[in-house]
Amino acid sequence: MVEDRRLGDAIAYVILSIGVLIVAFPVWLTFVASSWDNPTIINGQLPLYPGPYLFDNYYRILFVGTSGSTREPVASMMLNSFVMALAIALGKIVISVLSAYAVVYYRFPFRMTAFWIIFVTLMLPVEVRIFPTFKVVSDLNMLDTYQGLAVPLIASATGTLLFRQFFMTIPDELLEASRIDGAGPFRFFKDTVIPLSITTIAALFVIQFIYGWNQYLWPLLITTKDSMQTIVIGIRKMIVTSDALTEWPLAMATAMLAMLPPVFVVIVMQRLFVKGLVETEK
Amino acid sequence: MQKNAYFSGLTVPALLLLPQLAITLVFFYWPASQAVWQSFLLQDAFGISTDFVWFENYVTLFSKPGYYKAFVNTAIFSTFVCILSLSIALLFAVMADRQLRGAEVFTTLLIWPYAVAPAIAGVLWLFMFDPSLGMLARGLQSLGIAWNPRLDGNHAMALVILAATWKQISYNFLFFLAGLQSIPKSVIEAAVIDGARPMRRFWTIVFPLLSPTTFFLLVVNIVYVFFDTFGIIDTVTGGGPSGATETLVYKVYSDGKGGSDLGGSAAQSVILLIMVIAMTAVQFKFIERKVSY
Amino acid sequence: MAQVTLTHVKKVYAGGVEAVKGVSFDIPDGGFCVLVGPSGCGKSTLLRMVAGLETISAGEVSIGERVVNAIGPADRDIAMVFQNYALYPHMSVYDNMAYGLRNRGTPKDEIDRRVKEAARILAIEGLLERRPKQLSGGQRQRVAMGRAIVRKPQVFLFDEPLSNLDAKLRVQMRVEIKKLQRALGVTAIYVTHDQVEAMTLSDKLVVMNGGQVEQIGLPADVYKKPASKFVATFIGSPPMNILPGTIDGPGIVALGDAILEARDLRQDLPAQTAVEVGLRPEDVEIASEGEAGSLPFDVEFIEELGATQLFHGQLAGLPFVMQAATDVVAAQAGRIWITIDPDRVHVFDSKTGARLGRV
Chain A
134 MVEDRRLGDA IAYVILSIGV LIVAFPVWLT FVASSWDNPT IINGQLPLYP
184 GPYLFDNYYR ILFVGTSGST REPVASMMLN SFVMALAIAL GKIVISVLSA
234 YAVVYYRFPF RMTAFWIIFV TLMLPVEVRI FPTFKVVSDL NMLDTYQGLA
284 VPLIASATGT LLFRQFFMTI PDELLEASRI DGAGPFRFFK DTVIPLSITT
334 IAALFVIQFI YGWNQYLWPL LITTKDSMQT IVIGIRKMIV TSDALTEWPL
384 AMATAMLAML PPVFVVIVMQ RLFVKGLVET EK
Chain B
8 MQKNAYFSGL TVPALLLLPQ LAITLVFFYW PASQAVWQSF LLQDAFGIST
58 DFVWFENYVT LFSKPGYYKA FVNTAIFSTF VCILSLSIAL LFAVMADRQL
108 RGAEVFTTLL IWPYAVAPAI AGVLWLFMFD PSLGMLARGL QSLGIAWNPR
158 LDGNHAMALV ILAATWKQIS YNFLFFLAGL QSIPKSVIEA AVIDGARPMR
208 RFWTIVFPLL SPTTFFLLVV NIVYVFFDTF GIIDTVTGGG PSGATETLVY
258 KVYSDGKGGS DLGGSAAQSV ILLIMVIAMT AVQFKFIERK VSY
Chain C
821 MAQVTLTHVK KVYAGGVEAV KGVSFDIPDG GFCVLVGPSG CGKSTLLRMV
871 AGLETISAGE VSIGERVVNA IGPADRDIAM VFQNYALYPH MSVYDNMAYG
921 LRNRGTPKDE IDRRVKEAAR ILAIEGLLER RPKQLSGGQR QRVAMGRAIV
971 RKPQVFLFDE PLSNLDAKLR VQMRVEIKKL QRALGVTAIY VTHDQVEAMT
1021 LSDKLVVMNG GQVEQIGLPA DVYKKPASKF VATFIGSPPM NILPGTIDGP
1071 GIVALGDAIL EARDLRQDLP AQTAVEVGLR PEDVEIASEG EAGSLPFDVE
1121 FIEELGATQL FHGQLAGLPF VMQAATDVVA AQAGRIWITI DPDRVHVFDS
1171 KTGARLGRV
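Chains as they are written, first to last, in my numbering: chain A, 134 to 415; chain B, 8 to 300; chain C, 821 to 1179.
Hints may contain errors.
[As the list claims (entries may be wrong)] Cβ-Cβ distance ranges computed for the label pairs, FRET-style:
no.	chain 1	residue 1	chain 2	residue 2	range
1	A	L273	B	T67	30 to 36 Å
2	A	G177	B	P219	44 to 50 Å
3	C	T1172	A	G315	53 to 59 Å
[Unchecked claim] Okay, derived cross-link-like pairs now, DSS-like style, lysine-lysine, Cα gap no bigger than 25 Å in a straight line:
no.	chain 1	residue 1	chain 2	residue 2
4	B	K264	B	K71
5	C	K999	C	K936
6	B	K192	C	K972
7	A	K408	B	K192
8	B	K264	A	K370
9	A	K370	A	K268
10	A	K268	A	K358
11	C	K988	C	K953
12	B	K292	C	K953
13	C	K936	C	K953
14	A	K268	B	K264
15	C	K953	B	K192
16	C	K1171	C	K1045
17	B	K76	B	K292
18	C	K1044	C	K1171
19	C	K841	C	K1171
20	C	K830	B	K192
21	C	K999	C	K972
22	B	K264	A	K358
23	A	K323	A	K268
24	B	K10	A	K323
25	C	K1045	C	K1024
26	C	K998	C	K1044
27	C	K972	C	K998
28	C	K1044	C	K1024
Hint data in this document are derived by calculation from the structure and do not stem from the laboratory. This one's a predicted model, so the numbers in the text were calculated from it and none came from an experiment. Idealized CB from N, CA, C, for every residue including glycine.
Between the sequences and the hints, there should be enough to build the whole structure, so can you do that?
This is the structure:
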């Protein structure tokens, strides 16, 4: 467009740079803190550049653990987080793809009832019904288990709605054509619906993996054993109210490690992530 | 809403729906109904006997100043986080939507905080603003501000607002950017030819056309502030000092944690439940309206 | 009202792609210029450069006496009708038309007067309170026109304004646009890929291909003497037959065994030069067997079009189509004899595609 853009563009660059700075600064500071020793931090002498203890700190936190209240090495916490995130993401995809297929491609009594039973759960997070849910899990002897961590969080309408919406866009002619080609419900699902849904599945996976990894209240309540702790809970326990007892470099190294996998996923799979986010919410 | 080509039968769809329905019933409907049921029960101090007390738990709840305080806290918290994160994100999105060189790089650099867990975001901000060792806290103190979120409720509130806003900007940014990009380019060009200068173009064309996105984000942000910020509050302030940052959800948790006031906690859950359902309904109404735009 | 002049206008995109490769022509005050060509030929880019929606990489555009290269779209005194109408979805029809005037600080009563007048001209007075969503395609088209009219600009720019309408409405709106432009006497530039629109609307036709102008002229001249093989096949329907041939002597071409006279052919070409011969299906006439200059045409099948019919087949062993009146009866398959007016035989350079006409 014929318009003097120089001033506007310059302002845009400045504002966006400030934005990136605001977004990145806390993380940079965390990274820097994870590379120094505790006295430097406690004395408030933390510089803005990385220090010499980077390797030591990460080695210790990953494989040894802190000397304080949580002695569990972070590597095992990360494994727990990973298992939970994976179980939630895959579990949600499987149950919602199946239920959406039933709701969209079958006509049967109570179809809409089933749909509404699922739909109502859309915007009600686990936080609202936290203690009764805790009691159910404890009655089922699922405290301190991976099942207990993952299964209750799988129940949500997000995935079903997303797949339902996507299936509705698959032309009816495809079903008719595959019928003529002799495919039944199972073959149509396996040979047509699933291959067409791959990007939707991948996008949902990215979002749900991040959702699962970042869970806080739920694992906080239902894990009591250190060995079942997730990394997000682990870091909470490392920060002791009295500053002197907190091993800040290790806590900050843990924070970095806790951010690493989901941030990595977002940056590497940005396209899928954006698609997943925009489509699950609309 | 319905396909014209479909399969029939009952067993197969029932089996397909079974896992989702079972999990939803066991982990959603059963606990939710338990919450409603418990909100009508009162346990004696020793946990021996439980009485059905109708609305006594609710009455007790609303007679406590602490509950009103949680309401006020939640209102302040949501208002600030929504206004700040929405307006900052909109500003960034409008800037990133100009056809700049390297706009995609900026986008990538602005969206990743979405992936940071709220609890971790809380830890980052706690560290920066820790009154004795935080870099930014020291900065504030050197300016003569007696910064101490552990003692000063307003400071604590400011800190959780900052952390929650920081975490939410990326999400709002992404949706605003998508919204801006979905405005047809020719409409903007028509406005240019119609002689609308950039600022006027934004307020008379772009912003009104963005209103569906803005409204959607407003509801999503309120839900975010209500629930997802639990991790931020728990790591940054733990609801303190003396309840200054205790939100409704946090109070459900802290009142129910010891198991001492299950009825009261359940009553709070039910109230929250109703609020969320109301918001969902509003969202729904809006989606309907959007279709007829 | 103003004349529009383009001088060596170029558009080079950031990636180095040259969308418009140096175009020069002018449109007289009150003229109706149509830019026509296949998609990607640069016609829309050229229009958008006149509008100021694209920057001009090189050359000059002037409207009236003023070079407008550095002037923003709002200040060029132009109005544009977009392909998808680009109506403001959140404003009423009235506000859509008034918006441009309000931005310019036109007094309220003047805006009201102009909007109502435009609405009367376009017969949309009853729709002023509606939103664009509530209008049909044709009504939206009128609103888009109304938005252009109220501004009383020096130049109207149309970017394929009829391509989203159905065939019937398209013909109707085409006529209305032409009438309106005549009545208002405003210079117009109109972009389309539809050669019928191009022929019927323009009093100056610019045929573009690959970022360059292939031919500029009155529509009838472009049709009668296409300057290149591209123009010859692009303008006219059904398209002109192009057959490979050779020069057989001054003003004579050979198509296989058959010999054809071409009056407009350059005289200085050596015999045996390979050329391409263009024959319009509608220029072919049926002859009797053995008539002087007649050619054998083997009809393979016949398409009935209602008003006319098309014979498909082989001419001297090459695929060929001719158009005939419906009263001509021919066997579904078989040989007939045809002749062509020597004034209507077009010969093109087989390499460059340029017309090999008398200078």
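Against the structure, the hints:
1. Checked against the hint of 30 to 36 Å, the pair L273 of chain A and T67 of chain B passes, with Cβ atoms roughly 31 Å apart.
2. Our hint of 44 to 50 Å for G177 of chain A and P219 of chain B holds, since their Cβ atoms are close to 48 Å apart.
3. Between T1172 of chain C and G315 of chain A the C-beta distance comes to about 57 Å, which sits within the given range of 53 to 59 Å.
4. Taken as a hint, the K264 of chain B and K71 of chain B pair is honoured in the structure, with Cα atoms around 18 Å apart against an allowance of 25 Å.
5. At roughly 19 Å between alpha-carbon atoms, K999 of chain C and K936 of chain C fall within 25 Å of each other, so this suggested pair holds.
6. Distance restraint check for K192 of chain B and K972 of chain C: the Cα-Cα separation of roughly 24 Å lies within the 25 Å cut-off, and the hinted pair is therefore satisfied.
7. A distance of roughly 21 Å separates the Cα atoms of K408 of chain A and K192 of chain B; the hinted pair therefore holds under the 25 Å criterion.
8. About 17 Å separates the Cα atoms of K264 of chain B and K370 of chain A, which keeps this hinted pair within 25 Å; it holds.
9. Only pairs whose Cα atoms come within 25 Å are accepted, and K370 of chain A paired with K268 of chain A is accepted, the gap being roughly 23 Å.
10. A threshold of 25 Å between alpha carbons decides the hint, and for K268 of chain A with K358 of chain A the separation of about 17 Å falls inside it, so the pair holds.
11. Straight-line distance between C-alpha atoms of K988 of chain C and K953 of chain C comes to about 22 Å, which keeps the hinted pair within the 25 Å bound.
12. A hinted pair counts as satisfied when its Cα atoms are at most 25 Å apart, and K292 of chain B with K953 of chain C qualifies at roughly 19 Å.
13. Annotation: proposed proximity of K936 of chain C to K953 of chain C holds, straight-line Cα distance about 21 Å (limit 25 Å).
14. Taking the CA atoms of K268 of chain A and K264 of chain B, the gap is about 12 Å. The hint holds against a cut of 25 Å.
15. Using a Cα cut-off of 25 Å, the hinted pair K953 of chain C and K192 of chain B holds, with the two alpha carbons roughly 18 Å apart.
16. In summary, the hint linking K1171 of chain C to K1045 of chain C is supported, as the alpha carbons are separated by about 19 Å, within the 25 Å threshold.
17. This hinted pair does not check out: K76 of chain B and K292 of chain B have alpha carbons roughly 30 Å apart, beyond 25 Å.
18. At roughly 22 Å between alpha-carbon atoms, K1044 of chain C and K1171 of chain C fall within 25 Å of each other, so this suggested pair holds.
19. Of the supplied pair hints, the one linking K841 of chain C and K1171 of chain C holds, its CA atoms being roughly 21 Å apart against a limit of 25 Å.
20. Between K830 of chain C and K192 of chain B the CA atoms are separated by roughly 23 Å; this keeps the pair inside 25 Å, and the hint holds.
21. Restraint check for K999 of chain C and K972 of chain C: satisfied, since their Cα atoms lie roughly 16 Å apart, inside the 25 Å limit.
22. The hinted pair formed by K264 of chain B and K358 of chain A meets the criterion: a straight-line CA distance of about 18 Å does not exceed 25 Å.
23. With a CA separation close to 38 Å, the supplied pair K323 of chain A and K268 of chain A exceeds the 25 Å bound.
24. Simply put, K10 of chain B and K323 of chain A have alpha-carbon atoms about 19 Å apart, close enough for the 25 Å limit, and the pair holds.
25. Between K1045 of chain C and K1024 of chain C the CA atoms are separated by roughly 15 Å; this keeps the pair inside 25 Å, and the hint holds.
26. For the suggested pair K998 of chain C and K1044 of chain C, the alpha carbons sit about 23 Å apart, so the restraint of at most 25 Å is met.
27. Simply put, K972 of chain C and K998 of chain C have alpha-carbon atoms about 16 Å apart, close enough for the 25 Å limit, and the pair holds.
28. Between the alpha carbons of K1044 of chain C and K1024 of chain C the distance comes to roughly 14 Å, so the proposed pair stays at or under 25 Å and holds.
In summary, the numbered hints that this structure violates are 17 and 23.
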